[in-house]
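Respectively, the protein sequence lines represent chains R and Y.
Plus 402 on top of the position in the first sequence (first one is 1) and you've got our numbering.
Plus 52 on top of the position in the second sequence (first one is 1) and you've got our numbering.
Calculated from the structure, these hints are not laboratory results.
This one's a predicted model, so the numbers in the text were calculated from it and none came from an experiment.
Using N, Cα and C, we set each Cβ at its ideal position, and we do this for glycine too.
Here are the simulated lysine-lysine pairs, DSS-like style, with alpha carbons at most 27 angstroms apart:
#1 Y:Lys-202 with R:Lys-636
#2 R:Lys-635 with Y:Lys-113
#3 R:Lys-775 with R:Lys-644
#4 R:Lys-412 with R:Lys-635
#5 R:Lys-636 with Y:Lys-113
If you only want the chain Y side, here are some residues facing chain R, beta carbon under 7 angstroms, derived:
#6 Pro-80
#7 Pro-83
#8 Val-86
#9 Gly-92
#10 Glu-100
#11 Gly-205
#12 Ala-206
#13 Met-211
The following label-pair restraints were derived from C-beta to C-beta distances:
#14 Y:Asp-138 with R:Glu-739: 51 to 57 angstroms
#15 Y:Ala-190 with R:Glu-640: 53 to 59 angstroms
#16 Y:Val-102 with R:Lys-771: 40 to 46 angstroms
#17 R:Gly-814 with Y:Val-102: 42 to 48 angstroms
#18 R:Thr-665 with Y:Thr-282: 42 to 48 angstroms
So the chains spell out like this:
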Amino acid sequence: MTDKLLPPAKKNPQLRQRVPTLPPQMRSRAALGLTAAAARGAFCLQHCDACGTVQYPPRDACCSCLSVDLAWRDTPRGGTVIAETRIHASPDPFYRERLPWRSGLVRLDAGPTVLCHLHGDVGRVDPVRMDLKLDKAGQGVMIALPKERSPDMEDDPQLRSLTAHPKHRRVLITDIRSPATRPLIEALLKAGASQIFVGESESWRRGSDHAAIAALEGVSVMPLDVSDPSSLKKLAAEIGGKTDILINTARYVRPGGVLGADTVFAREEFEVNALGLMRLAQAFGPGMTSRTADGVNSAVAFVNIVSVHALSADPQYGAFSASQAAALSISQTLRAEFRASGLRMINVFTGPTDDEWHQPLPPPKVPPKALAKSVVEGLCEGLEDVFCGDVAKDLEERWRRDPKVLERELAGGGQ
Amino acid sequence: MTSPLNTLAAALGDGSVEVVDLTHTLDPDFPVIVLPPEFGQCARFRMEEVSSYDGRGPAWKWHNISMNEHTGTHFDAPIHWVSGRDVANGAVDEIDPSVFVGPVVVIDCSKGASANDDFELTPEIIEAWEAEHGTIPAGAWVLMRTDWSKRRGAEYLNMADDGPHSPGPTPAAIELLLARDIRGFGTETVGTDAGQGAHYTPPYPAHYLLHGAGKYGLQCLSNLDRLPPTGAMLIAPPLKIKGGTGSPLRVLALVPGKTGSGEKA
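Isolated chain Y, as found in the complex (with noise of 0.2 angstroms):
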């Protein structure tokens, strides 16, 4: 008898479907949100060694490691957010587990971005990308693709002395995400809001409207442009942290192979 973990354990095997790292390495480097300075601030990821096979642990080698929960590619539980701190289960110890596998589709943002650093996801593009690629289908999880992962250095924050130019969501485009029931929204920029965010009405509107309706956030991710715009399924299990509103996370696409004839690419 085969059963659909069957086929999907034989699809892997054969190269038919695929498994894709939509993660960014934790890196002490790597860039994370600032916020004015008298703001509590998010902590970088740090890593010191314990031991490296030496008087202090002669045969092995480990790291103490500390960062904040939205350090590196992420995960937004709701009670990140003042609008979600109601939410029931709204923890990232306390959401069902069944939430981090999913489906996914990706709007590809990627010419506009290229081209304006403060591109905005409207309901206009979600309508049009709907109306090549069928209704954005409850329960999924709906990707930004603005190959934003690609930029290095000052050029990913891209902070100008009037705040950081990225681009993200008008808050009508989260709102009609909202209306399709999405499972969660989620970008390669810094956060799930565009740089210049907090300029909309309300201010963070990703963050703000998804968080209080109970959704959940991704960001920093990499990769989307090797993910279909439908079709794909989303793992995205963030750390069983107590009380946790995120969580830095491995995040994988499970896609559909270029071979998909049973030959193993």
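Okay, chain R solo, but in the shape it has when bound (with noise of 0.2 angstroms):
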């Protein structure tokens, strides 16, 4: 059973703040494959196109066959443990802060024995469901997890370092309006969020949930606007030290494609979806990537929200289309930069999101209430891509069989 985790101590100030050290990051390039199957939260191996044997660890050949066409495809996450160890002693800095710490061999249902982490709650001979994680240094690693789910499973300290869990945390959600943020506000709440802050732009304007919302108990809505310069260094010197997790749900959009459209409405799409995105991360990015190993209530995750047209543009909004893909290119630069301090950059991608600017699309759209419970989920699962919605998850599919196809659809009139 996982021991419950406890809500941190007030820091003593007079110790000096853990520096954030990251596992070993040698991997091959074969191995990378683990690292995409994880950032999306899948579990696959390598399967021989040749003579169908799943190997692991992932080669450049299959070790049965030697055949090179070697395909990562989803494979099941069942196994067996038949061995584990806990270590005790280690010279590498990052285990050294976290002893013991336990680690076994699984029989796969699928084939391959793997060496991976055990969940606290696993022992030998237990049946497992397995997982691939992203650990601090953004490689895939395997865990294996007890087969039912056990409670408070996500208390265990080797999964909870492999995930962005808001539980005792602290979290930055940039925009009132929104219409993401009350959902997001209960489902963070309901996940053990300690804290929440809610910026607010232009209170001149009204028009906001600010009563409803500062009335909750744990929430507090403060002065932010993601196109002012001077507001994001005011609420950063003052809650910079203390978000572990922001959720970017600042967002401008406007249909019309680029012909028709003026520039005016495409320079504030860019201003908030793109620059807003940039001055967030220069404004809290420092703070939260000193704290990644600042215990319970460590920094972990930026979350940003993005229409999967960042992905291949909608030409009915097509100057949106655009900043979306300039997010989606700051946010792989920001990737780069936090991954030094393992700090996570989630990208939730959805697709049309049931509001007022896009009235004329016919369903399925995303309600508030489904991208709230995507963001959520992406930090307990700590994902680095999630996708929202039926659109979202088949666009997504489309794209990576092939982008040119899917521009091609997308443009229209084809059939």
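Both chains are sitting in their own frames, so use the hints and assemble them into the complex.
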């Protein structure tokens, strides 16, 4: 049984804050397939297209027939622990801080035997459910989880170090006016977040849910406008040192293509969606990256919500799509820049949201509650790329298959 | 020989003429007019650091700033409104600079505006003012004092589900001011029109009628409570923007000093 994770005590101000360290990073190129699967929560291994062998660890050729026709495929997650060990001493700075550390051998139902991290609730001969997770160095690693959910299993220290779970953490949601903000607050509180800061731009405009949201237990509304550097500076000075998770819900969207639309709306879309993300990262990134080893409520994740049309433009929303592609690109650079600290950059890709700016679009549209659920799932599971809703999932799959075909399909009129 | 300007310089020096700033600070969080979201919007004031005595410029600090022509305390030129689109020299860069310095009268509506957010400036109020202070002279700026500039935050636009609520002139009041051949009309609110000005005939009468007649507007003024009803001088030159429909500006008033005795206040 996992010990219930208790809220952290107040920090001793005389002790130096723990400096972020990373687990070992040396990996072969072939092994990055594990990262790609873990990033979206899939459990994939190399399957040989010639002889059908499933192999681990990843290699450049099949360990059975030497074919190089290897494909990363979804693989059954079942397995059995055949050996376990508890490491009490390590020369590695990352593991030294986290000892003892359990690992073991698991024989997968799919064939290979793998060396992996063991959740505290599994031991020798136990049937397990295997998961691929991103560790702090951004490597895909395996952890054996209990086959059935055990109480407080997410509190297991080894599992928690592989996720960005909101429990006991303090979260900043950047825009009170986003329809996703209210359900996000509820989902985060339910997941155990200790405090939620909600940014509000232009309170002089009225029209936000200010009073109702500010009245919620554990929630404070603070002035924040991602298009205004001075407001970011001010808020980061105030809460930058205790923002463990940042969720950017600020978004500016207007329908229209590129030919007919003027650049005033487009500029606003880039100001908020692309440069706003950059400003947020500049304001809060340094504080967060310095605190990724800061105990139970360490900084863990920076979440951006982005349209799935960042991958391939929706010509009905041309300038908006462009701003989303820019935001995606910025998030990739941020991911590289956060890498040394282990701070996770999560993109939640959404299809058209069910709001005033997507009125004429046919269903399915993503309701705010579903978006909130995907964000919290991404945190709890420690993902990097989350696809929310049928449209986003479908588009991602088509994009994976052939980006050019998808582009042509989205251009319309080709039937 | 004493020229009027020497006299003015002396008066400024001894405090018998004072300079009053009628301008709000350009601040990213200062309200701008909010239109229905499907329309283009007024850009907020934004300031971005280019360098601050650092690697980007070791000995100097400067900013890039951006805004709309109608952000903060600002000037409206005739071409701002569709009714003034064909007015000759109707853009800020074309206006005769003598327009920018001139006499100003102030109609105090602060009492009424404190009791009623939708307070209207009517011909009756103007006539009552004239009965006390004399006919509004041709070529004068007319400012409507409401003390609205003392409001902060959401109280300023005073937005409700049926639109903003703030004081302003009726169409008949503007017609009367035009009959006096004023230079322009100014307010402390976000526009020269009332918050509910869309519901008059014509809609937004101050904008529609004033600019159609080639007159000018000033809005988001402050400190109007420091101006006398008559006898002050307004200095309000907009930026010389090519084809500009308006401009943020520093509005100053020259007013008789409190001392008036040659002693500096």
